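Chains as they are written, first to last, in this note's numbering: chain L, 1 to 128; chain Y, 1 to 140.
Since the hints were made in silico from the structure, they are not lab data. Certain hints may be false.
Taking CB as the label site, the calculated pair distances span [claimed, not checked]:
{"no.": "1", "chain 1": "L", "residue 1": "125", "chain 2": "Y", "residue 2": "108", "range": "18 to 28 angstroms"}
{"no.": "2", "chain 1": "L", "residue 1": "108", "chain 2": "Y", "residue 2": "36", "range": "15 to 25 angstroms"}
{"no.": "3", "chain 1": "L", "residue 1": "97", "chain 2": "Y", "residue 2": "80", "range": "40 to 50 angstroms"}
{"no.": "4", "chain 1": "Y", "residue 1": "29", "chain 2": "L", "residue 2": "31", "range": "18 to 28 angstroms"}
{"no.": "5", "chain 1": "Y", "residue 1": "34", "chain 2": "L", "residue 2": "97", "range": "40 to 50 angstroms"}
{"no.": "6", "chain 1": "Y", "residue 1": "45", "chain 2": "L", "residue 2": "97", "range": "39 to 49 angstroms"}
This structure is a prediction, so every number in the text was calculated from the model and none was measured. Where a beta carbon is used, it is the ideal one built from N, C-alpha and C, also for glycine.
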Amino acid sequence: MAVSKNAWLTGLRYRGGDNMLVWMLHRISGLAMVLFVGAHILSSFFTQQLGSTWGIALNTIYESPYFQIFLYFFVIFHVINGLRIILLDFFPKLLEYQRELTWLEWIIFIPIFGLSVFITVIKILNGG
Amino acid sequence: MRTRTVPQPAMSFEYTLWIFTRISGLGMLGLGLIGFVTALIMNARNLLDMNTLLRWSFFPNPNHVVNSNIPDISPGWSNAYWQVMEMLIVFFGISHGFNGLRVIIEDFIGHSLWQTILRGAVFLLWLFFLIIAVYVILAS
């Protein structure tokens with residue numbers, strides 16, 4: 001295949017489909033959670049040991065409901081997708097049905113995430 | 001369907017961490033569930049609300065949040081059981097996370113000197129966060 005002038009578009013048109021999307025989201029959510037848990041640990045250390053306002057400020061950021069909506073997405077998605085990966089690793093015969101398993105994953109994910117967002121939005125509307 | 005030959009699994013570095021990722025992922029869910037149930041057994045129903053209980057199940061430490069009322073219940077619950085639970089969750093979480101970071105980094109750089117350098121950097125970060133976390137847990 002000749003090198004296309006529109007390498008970016010070719011890359012975007014790569015036919016990974018649903019499974020490539022969840023693979024990318026798994027990585028992005030994993031990185032986000034490393035940052036998030038790292039911030040948790042640093043902020044609890046600074047708050048507990050030094051009583052610093054810096055720790056409280058970091059805490060206020062990651063406890064704000066706007067931040068939490070993103071966090072819910074990353075955590076819930078990472079957990080459900082991780083369970084799908086473990087299932088496929090331990091029962092390789094299911095690889096025949098991996099597209100269906102990805103759909104099932106979204107079917108499980110959407111109500112849980114939707115409920116979390118619903119509760120959080122109500123919390124925001126009630127004034128944080 | 002075409003078949004391909006793959007090397008037999010052996011206890012290599014990558015294989016050990018691969019299986020560790022699975023075990024720690026399931027382990028964190030299991031520890032959260034155990035924490036949830038044992039908190040309810042320890043009268044969590046009358047001590048804290050649902051949000052705080054869920055938060056407590058996965059991070060049983062009063063020092064990491066300011067807006068929840070976890071500090072109110074901490075005097076009765078700052079015992080060895082919750083400290084061990086928290087240390088297990090923190091160990092699994094940090095190791096799982098930094099191993100994932102290592103895997104992503106090494107996907108992008110391949111085998112080179114940078115791999116060694118960045119692997120060392122991730123190892124040091126892992127150690128740093130583990131020590132800080134255990135320090136916070138033991139001091140609370």
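Right, here's what the structure says about each hint:
no. : hint                              : result
1   : L:125 - Y:108: 18 to 28 angstroms : violated, 42 angstroms
2   : L:108 - Y:36: 15 to 25 angstroms  : holds, 19 angstroms
3   : L:97 - Y:80: 40 to 50 angstroms   : holds, 46 angstroms
4   : Y:29 - L:31: 18 to 28 angstroms   : holds, 20 angstroms
5   : Y:34 - L:97: 40 to 50 angstroms   : violated, 32 angstroms
6   : Y:45 - L:97: 39 to 49 angstroms   : holds, 41 angstroms
Hint compliance for this structure: hints 1 and 5 are not met, and every other hint is.
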